[in-house]
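J.: Produce the entire structure from the sequences given, and follow the hints as far as they go.
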Amino acid sequence: MTTQTLTLAKALGAGLRRAMTDDPTVMVLGEDIGRLGGVYRVTDGLQAEFGPRRVVDTPLAESGILGTAVGLAYRGYRPVVEIQFDGFVYVAFDQIVSQLAKMHARTNGKVKLPVTIRIPVAGGIGAAEHHSESPEAYFVHTAGLRVVSVSNPQDASTVLRQAIACDDPVVFFEPKRLYHVKGEVDADLPLDDAPPMGTARVVRPGDDVTLVTFGSHVATALDAATAASDEGVSVEVIDLRSLSPIDHDTIAASVRRTGRLVVLHEGPRQAGVGAEIATSVTERCFDFLEAPPARVTGYDIPYPPAKLEGNQVPDLDRVLVAVDRVLGRVPASGAGVEVGA
Amino acid sequence: MPSTMGSTSRDDLSRAGAARAETASGTTDGTTTDGTNGSTNPGTTAAGTASTARPGDIPLRLLDEKGVRHPDPALDRWLTDVDAGTGDARAALLALYEEMVVARRIDAEATALQRQGELALWPPLQGQEAAQVGSAAALRTDDFVFSSYREHAVARKRGVAPVDLLRVWRGITASGWDPYAVNMATPQVIIGAQALHGVGYALGIQADVERGVVEPRQDGTDDDGTAAVVAYVGDGAMSQGDVNEAFVFAATWQVPLVLFCQNNQWAISEPVTLQSGVPLVRRADGFGVPGVRVDGNDVLAVLAVTREALHRARTGGGPTFVEAVTYRMGPHTTADDPTRYRDASELDAWAERDPVARLAAYLRAGGLLTDDDEARVRAAADAVAAELRAGVVALEDPPPLSVFDHVYAGPHATVAAERAEHAAYLAGFADTDTDITTGGDAGQGADR
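These protein sequence lines map, in sequence, to chains R and B.
Here the first sequence stands for residues 1 to 341, where the numbers follow our numbering.
Here the second sequence stands for residues 1 to 448, where the numbers follow our numbering.
Everything hinted at is true.
Negatives, chain B to chain R, calculated, CB over 10 Å:
| id | residue |
| --- | --- |
| 1 | Arg-105 |
| 2 | Gln-116 |
| 3 | Gly-117 |
| 4 | Val-163 |
| 5 | Gly-171 |
| 6 | Val-278 |
| 7 | Gly-316 |
| 8 | Ala-335 |
| 9 | Asp-337 |
| 10 | Pro-338 |
| 11 | Val-356 |
| 12 | Ala-390 |
| 13 | Ala-394 |
| 14 | Ala-424 |
| 15 | Ala-427 |
20 Å max Cα-Cα, derived EDC-like pairs, lysine to aspartate or glutamate:
| id | chain 1 | residue 1 | chain 2 | residue 2 |
| --- | --- | --- | --- | --- |
| 16 | B | Lys-66 | B | Asp-354 |
| 17 | R | Lys-110 | B | Asp-164 |
| 18 | R | Lys-110 | B | Asp-142 |
| 19 | R | Lys-102 | B | Glu-418 |
Read the hints as simulated data drawn from the structure, not as lab findings.
Just so it is clear, CB atoms sit at the ideal spot from N, CA and C, and this is done for glycine as well.
T.: Right under this line is the structure:
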């Protein structure tokens with residue numbers, strides 16, 4: 001095993017390169033992904049290495065890109081599609097939700113569509129409108145899709161390869177805030193040695209509170225756990241990694257020990273991933289709960305302009321307020337946390 | 001009809017259209033089958049009729065409404081095996097005729113089955129037999145078809161068994177056949193979405209050839225070259241973004257695709273004039289795609305233009321758009337009532353251009369269709385209908401838990417859990433009088 005220090009963006013590129021090397025049916029499609037290497041440079045160098053037939057600059061039409069990917073997969077290819085920014089994915093919604101997601105069931109299992117949709121996601125980078133959104137709940141709500149979000153360069157590389165190798169369509173979220181975060185990466189890690197794609201990971205063990213999150217907010221959660229430990233509170237942090245399916249067993253096992261749940265994500269609260277987790281924990285672990293679950297999320301508002309985005313993106317203090325709340329330390333109306341029953 | 005300069009289409013068929021326009025403009029055809037210049041669509045707020053007709057607006061035609069054959073060397077060269085007066089050609093022509101008659105008979109039987117409660121719904125194809133049979137007859141086995149939901153005759157020509165055409169409409173499955181068994185995707189309900197799938201599949205054919213995993217055919221025939229894709233859309237779909245994006249992508253990559261539009265004049269209650277103020281074929285040129293307008297009720301012309309379009313696709317010439325001008329003689333579906341939005345006189349006018357009767361007239365005039373032939377064809381159609389009816393009525397509902405099958409290709413914890421939950425729920429009825437068979441794959445939300 002050889003590791004190298006890579007940014008998350010470079011780790012994604014390494015994952016793509018490995019997948020394309022391993023499987024000649026892997027094609028990459030998107031806007032500006034060829035000579036430019038993508039607006040975040042994730043596909044940097046791939047077109048030079050694999051040619052314009054496998055690394056394809058497409059016309060500017062997201063539905064067209066997804067519909068083309070469906071047809072390619074129908075023919076036996078494994079397209080990896082780049083949606084340039086999260087807010088651009090909606091024009092491809094039918095092709096994702098009604099075509100890509102449903103084709104396997106529609107054809108009684110005859111047609112497999114192993115398409116991976118890479119989407120730079122979420123905010124906190126001072127970007128323009130439509131460049132900072134967290135649309136994961138739409139796709140989690142869609143039967144037939146698998147949804148993952150990565151939090152570190154190693155997962156970026158290996159989960160992307162797992163997604164490409166998977167026979168189901170996968171929506172692959174890449175937190176923009178993490179593109180330049182570095183980490184040790186074994187780009188050739190055998191996929192069998194990596195945790196399965198649908199599993200969560202306990203990234204910091206703890207005893208008092210279970211803090212569940214994903215993507216860039218794994219870092220926020222770890223910071224919060226460190227801060228809480230200064231006050232003698234032991235927070236267990238779970239990186240979901242997979243949003244569909246959700247690894248409810250790992251979450252429930254933790255909550256049965258801690259008795260307290262905080263869910264953290266940047267997407268809007270209403271019918272968000274946190275709602276699903278809080279409900280599931282309540283159903284499974286009601287007798288173990290010491291306090292109502294708390295959600296720390298983006299609000300149910302349009303994503304704000306850059307100078308105001310700090311009001312939307314959960315930060316360390318909002319997480320700590322929620323931790324205090326499930327510990328009974330602050331009133332239930334604690335700022336930035338869902339008001340409980 | 002005023003003459004205009006410069007159809008900007010580049011392909012052979014448009015030139016043929018231009019050549020024929022001079023003669024066609026002196027006849028009664030063309031404008032009335034046009035669907036945009038005619039007066040058949042009252043009450044619309046169309047952007048306007050084509051103020052200046054262009055040569056390519058006149059649908060190409062070999063058989064007129066009376067079944068009289070008009071030679072056209074540019075098209076005839078594609079029909080030497082079906083319309084050359086040889087014995088084999090006679091058999092091929094009769095086969096086309098039988099295919100159209102059987103398609104209409106299946107359609108009628110399906111409508112009857114719906115009326116009798118055996119089908120939930122049926123979208124009739126009556127009137128579009130020539131457009132479908134003629135285009136499908138141009139295909140190679142290794143070509144691939146993406147269609148909408150009315151292409152029953154295309155599916156049958158690809159090898160789909162009649163009873164399999166009806167499974168979806170009986171409400172027991174979302175797909176009546178294995179797409180890879182007949183190289184035709186199962187019906188698409190979202191209007192126009194399949195056009196892009198056709199582009200992607202055709203891009204895959206290109207990639208396969210470049211990788212050397214398939215070889216272009218080289219038999220010395222007009223079918224030589226790569227496999228190709230035909231994506232069927234309707235006139236309503238021409239307004240959809242996906243279809244317009246398909247034009248863009250197909251043109252950019254020059255993929256082996258024929259975008260075949262059956263302009264049957266109506267999208268449920270909306271006339272084609274609501275979709276476009278100019279003949280649909282003109283859209284193609286703006287995308288840089290050769291376009292051809294053909295009389296969709298003339299099976300020979302449809303076959304010829306589709307063969308030429310496929311030839312272009314197979315030999316690196318890129319995509320072609322075909323607008324087949326036809327007519328939906330029946331309702332949109334069995335749930336529709338066209339008397340609310342169109343006049344009976346319109347149907348009467350189009351009945352004069354019936355594609356089946358037209359071919360029959362041509363065959364009879366040439367002595368190619370005798371009374372015995374006709375009786376045999378009708379008997380064959382009736383036999384198919386009887387077998388269809390028996391097969392459909394015998395179709396059983398799938399087991400309840402099969403709804404969890406195939407949601408994912410691999411295991412998915414959520415679906416597996418919900419499957420187990422529903423199985424337990426159904427098992428609660430086991431000691432009642434309610435007969436519920438759980439069935440399906442045990443314990444999984446997926447294939448394995």
